[in-house]
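So the protein sequences, as listed, match chains A and B. Position 78 (the first sequence) corresponds to 78 in our numbering; numbering is contiguous. Position 231 (the second sequence) corresponds to 231 in our numbering; numbering is contiguous.
None of these hints come from the bench; they were simulated from the model. Ideal Cβ placement from N, Cα and C applies to all residues, glycine included. Misleading hints may appear alongside valid ones.
Just the calculated beta-carbon pair ranges, DEER-fashion [unchecked claim]:
#1 A/Lys35 <-> B/Thr184: 49 to 59 Å
#2 A/Glu46 <-> B/Ser362: 38 to 48 Å
#3 A/Glu30 <-> B/Gln329: 24 to 34 Å
#4 B/Lys357 <-> A/Pro4: 18 to 28 Å
Here are some, though not all, of the chain B residues that point toward chain A, as calculated from beta-carbon distances under 10 Å [unchecked claim]:
#5 Ser138
#6 Thr210
#7 Thr211
#8 Arg216
#9 Gly217
#10 Thr236
#11 Val258
#12 Leu260
#13 Leu308
#14 Arg311
#15 Gly318
Here are a few chain B residues that sit away from chain A, every Cβ distance over 10 Å (derived from the structure) [what the hints assert, rightly or not]:
#16 Ser46
#17 Phe54
#18 Pro69
#19 Leu89
#20 Met190
#21 Gly417
#22 Phe420
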Amino acid sequence: MYLPRIARAIAENPFFVLGVSTECARREFEREGQKLLAMLALGLAEVQTYATPLGDRIRTPELVLHSMAELRNPSRRLLHEILAALPPSEIRAPYPTRFEAGDRWIEAPGLFGYGWFQQGRK
Amino acid sequence: MTGLVPTFQLLKPPLQIFVLLYWGALCIIHLRNSGNRTRLPINTGSKNRDPGMFTLFRLILGAAFFAAPLLLLREWLGLESVLLALCLLLFYPWWTARHIAIPLGMPRLAYALTVFNGIEWWNDKPEGPVAAAAWCLSRKRTATEQAITWAEKHLDPARPLRASTVAAHAMLAASRGQLLEARTLFEGMMLLDGRTAPEAIWRLCFEWLTTDAAARGDWTAVRRLTRHHLAPRVSTLILLARVAQRPPGTRKASIFEVFLSRVPFPSPDLTPIFSEVPISSQSRAGELKAIVEQWENKFADERLRQHLSLRAAALGGGDAGAALNQLRQLVQSDLTESISVAVQNGETISEESPLLKAALNSGRRKLLSELSERVARMDERRRRDRALPAIDEWKEFLALHRTYSLLCAQGDRSGSGTAFYTMCARLNAFAVWLLDQKNEKAIANAIFRFLVSEAERNKSPDREIISRNAKVSLGKSH
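With the hints as extra help, turn the sequences into a complete structure.
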């Protein structure tokens, strides 16, 4: 779990979606975007996902189009450049969950008659 | 009963002594039950059923027990013993419901038996029986919506709210798998007066909450719940309080310990449940501070700013300051949520960092605005004389209480003072309206008691009048 909005901005970062470097020229990301759209339309497996510091994500045509639009705006592009260059340690939030996963007694409600065994409680 | 004495005289002398001892024990049990009225629930204005038929049936059952030993003189001993055992189960209907009907998954029987409960449950029917039936359904993996609706339709929306009403709704939510809703409602029950439900309902509430907290690994909540003044000193809570004291990673009891906790003799050491237990979970406020420092350094990094300025020039547009400001807003917004979670864990957040201070202020403004909106909606309902159903009014108050508590927990004294004066007069007027016009004594009393404690904390001149309202709201002085 990461700072949620920052994490989302990184997971959907246009540079990761389009697979281009932060210093690419406009022509370069436009060409890459069009290529990805065509390959997605053909259903090619190698473009279905893209890599981010938070793990692989699903690539969709809508996301590709949105990413191209974001990079066309210089102000938005600057923000995405900062986010794409962030080290993972600065994305992490100090509250992965409120409680320790290994410290749960999940059978307690079932044992004492207040639910069933292995009932998922978060 | 008329033939009791002649039949008694027909018994042999040793049997007569046995029967006399049995009758003596019955009298002692009866006197003990009659004298144990310290936490007898009070009527909060509900119209209850006529006790005539019910009392007659209990009298017949009582007479059956008195005459039971005389079965020794009769021939059909087997059949009559079975009937006597059934009478015994009916004489202690809650025990039968809790230990037989509910574990066997018979919600209708659980409901019927709970309806048959005695004086302690008199003001809590049908809410108590619905809670029992819903409890039974919540233990089933395959409870159908039809069965849940069957239990729910027994609730009368016109009856004023009591703690047992909240328990019934909470259990219905649990049986639908809506655990968050059930948790919120059970937690909210603790704001009500302890005399607005039988002890069994309070036990249900605390056991549900503590076992749920243990299942989620929230041992801080287990400690808080087991130390609550309304928490019954029952084996489940004692065991969970002890388990909560253990180091992280070992907080599970063996089946043997669970079995021992069920053995019906007083625990040799009941003190842990009420003692102050050191909280072992480490504070994460320091970790939050470290993350904030990283971000502060990034925003103050002159080289990054210069790099962004160069990039802006290369791109032919954009502003380095504006980009960094957008990022600051994103981080601040995320930190506001992290702070809210930390505050709910009882941690204190320092305001040394500008980013943290800005996040705290942003969170406070949001909460204050939410509080103000909630109070305004309540005031609007009062002025239009349009109350929501009792359970919804209660949920509205719970949401307001949560917002106010979060605001106060953020440690800003002047902010909590502002929050108190934002709501005090209108919330007091709202509670008076609920009490006078809608006969919602339990809700009004909970609001008054909440306002009294906050008025004292803020040294409000209105605390005397609110305190008087709290005292008269349940119909008896405290």
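Hints and how they fare:
1. A/Lys35 <-> B/Thr184: 49 to 59 Å: The hint (49 to 59 Å, Cβ to Cβ) holds, given that A/Lys35 and B/Thr184 are roughly 51 Å apart.
2. A/Glu46 <-> B/Ser362: 38 to 48 Å: 43 Å, holds
3. A/Glu30 <-> B/Gln329: 24 to 34 Å: Given about 29 Å between the Cβ atoms, the range holds.
4. B/Lys357 <-> A/Pro4: 18 to 28 Å: Since the Cβ atoms of B/Lys357 and A/Pro4 sit about 21 Å apart, the hinted range of 18 to 28 Å holds.
5. Ser138: B/Ser138 check passes; min Cβ-Cβ to chain A is 6 Å, inside 10 Å.
6. Thr210: Because about 8 Å separates B/Thr210 from the closest Cβ in chain A, which is inside the 10 Å limit, the hint holds.
7. Thr211: With a closest approach of 4 Å, the B/Thr211 hint holds.
8. Arg216: 5 Å, holds
9. Gly217: Since the shortest Cβ distance to chain A is 4 Å, the answer is holds.
10. Thr236: Hint on B/Thr236: holds, closest Cβ of chain A at ~5 Å, below 10 Å.
11. Val258: Where the cut-off is 10 Å and the nearest Cβ of chain A is about 6 Å from B/Val258, the hint holds.
12. Leu260: 13 Å, violated
13. Leu308: 6 Å, holds
14. Arg311: At about 6 Å, which falls below the 10 Å cut-off, the nearest Cβ of chain A leaves the hint on B/Arg311 intact, so it holds.
15. Gly318: 3 Å, holds
16. Ser46: 27 Å, holds
17. Phe54: Fine: 28 Å to the nearest Cβ keeps B/Phe54 off the interface.
18. Pro69: The assertion about B/Pro69 holds, with a minimum of 35 Å to chain A.
19. Leu89: 19 Å, holds
20. Met190: Its Cβ never comes within 10 Å of chain A, the nearest being 17 Å, so this holds.
21. Gly417: 29 Å, holds
22. Phe420: Label holds. Min Cβ-Cβ 27 Å, cutoff 10 Å.
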